[in-house]
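A.B. asks: Start counting the sequence shown at 339; every next residue gets the next number (our numbering).
Since the hints were derived computationally from the structure, they do not count as laboratory data.
Treat the hints with care, as some may be off.
Once the Cα atoms are required to be at most 16 Å apart in a straight line, the calculated EDC-like pairs of lysine to aspartate or glutamate come out as [what the hints assert, rightly or not]:
no.: 1; residue 1: Lys433; residue 2: Asp453
no.: 2; residue 1: Lys477; residue 2: Asp453
no.: 3; residue 1: Lys474; residue 2: Glu464
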Amino acid sequence: MASSALSRIANLQRHINPADRKAIHYFYRIIFANRTNSSAKTPGIKGGNGGEGVGLVKISPVVSEALSCGKAVVALESTIISHGMPYPKNLETAKEVEAIVRENGAVPATIAILDGVPCVGLSMEELERLAIMGMKAQKTARRDIAHVVATRGNGATTVSATMIFASMVGIPVFVTGGIGGVHRHGESSKLFSTDIGIFVLAMAGASPAMDVSSDLTELGRTPVAVISAGVKSILDIPRTLEYLETQGVCVAAYATNEFPAFFTDKSGCKVLMWTLSHLVNYWIIRAYFS
Numbered sequence: 339m340a341s342s343a344l345s346r347i348a349n350l351q352r353h354i355n356p357a358d359r360k361a362i363h364y365f366y367r368i369i370f371a372n373r374t375n376s377s378a379k380t381p382g383i384k385g386g387n388g389g390e391g392v393g394l395v396k397i398s399p400v401v402s403e404a405l406s407c408g409k410a411v412v413a414l415e416s417t418i419i420s421h422g423m424p425y426p427k428n429l430e431t432a433k434e435v436e437a438i439v440r441e442n443g444a445v446p447a448t449i450a451i452l453d454g455v456p457c458v459g460l461s462m463e464e465l466e467r468l469a470i471m472g473m474k475a476q477k478t479a480r481r482d483i484a485h486v487v488a489t490r491g492n493g494a495t496t497v498s499a500t501m502i503f504a505s506m507v508g509i510p511v512f513v514t515g516g517i518g519g520v521h522r523h524g525e526s527s528k529l530f531s532t533d534i535g536i537f538v539l540a541m542a543g544a545s546p547a548m549d550v551s552s553d554l555t556e557l558g559r560t561p562v563a564v565i566s567a568g569v570k571s572i573l574d575i576p577r578t579l580e581y582l583e584t585q586g587v588c589v590a591a592y593a594t595n596e597f598p599a600f601f602t603d604k605s606g607c608k609v610l611m612w613t614l615s616h617l618v619n620y621w622i623i624r625a626y627f628s
């Protein structure tokens with residue numbers, strides 16, 4: 339597979355000008371790194387803060403040392419910083435969340451893509467830069483990673499993208515406010531299949547058929563435990579839970595027997611597993627990923 343991919347790259351390079359070849363080579367290197375999914379540390383990008391790289395993912399010195407020593411590391415997303423609230427409130431909140439993680443004995447690793455480089459663990463300068471950038475940073479899910487990296491863009495990672503980079507460097511736990519879900523009224527849309535593809539005809543006031551967040555599929559494919567406040571109440575929580583079941587995702591609630599709805603722990607949707615013990619939570623997570 340590797341030789342075949344390199345052959346295709348060589349053919350592609352014959353049709354592009356020399357100035358673009360470096361970008362193309364960079365683009366394919368990160369795709370190859372993602373596909374091999376090697377856990378071995380290889381020489382990567384060294385950032386201005388001396389971060390260590392795994393493939394083309396830059397890890398901050400603090401996070402790198404914590405992972406090497408087996409310390410607890412908690413991944414944090416960055417979409418909430420860029421798209422969740424205005425500056426400087428977003429920066430204050432980001433610092434506060436990282437401080438809470440540290441106070442509880444773990445090392446925070448906020449994840450984002452800066453100048454085309456996936457960064458695991460941001461310095462205060464990088465955190466402030468992202469906060470000031472705000473919505474100019476692209477909201478980046480799994481499907482968007484290749485484009486943001488290849489164009490040397492800036493990306494604020496959603497749940498799905500954050501999970502990918504956390505998994506790549508060996509961070510098993512990720513904390514976020516809320517995950518995406520299944521949107522309401524998607525079942526009101528109709529699908530029409532033809533010989534040239536599938537078309538969606540939405541009924542009046544309906545969203546596209548089964549508008550499902552990529553967060554849900556990522557939860558079923560990437561081995562990272564996501565601790566959250568559930569999904570927003572505007573989403574279709576029963577269908578979200580059904581979709582998570584289909585994806586084989588273990589859903590457990592803490593201190594409530596209902597699936598949380600972001601701002602409230604009461605959604606009316608019961609969960610099969612709920613606990614009152616942090617230790618039990620730990621054993622559930624450990625058993626699920628064993």
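A.B. asks: Each hint: holds or not?
C.D. replies: Taking the hints in turn, this is what the structure says about them:
| no. | hint | in the structure |
| --- | --- | --- |
| 1 | Lys433 <-> Asp453 | 22 Å, violated |
| 2 | Lys477 <-> Asp453 | 14 Å, holds |
| 3 | Lys474 <-> Glu464 | 15 Å, holds |
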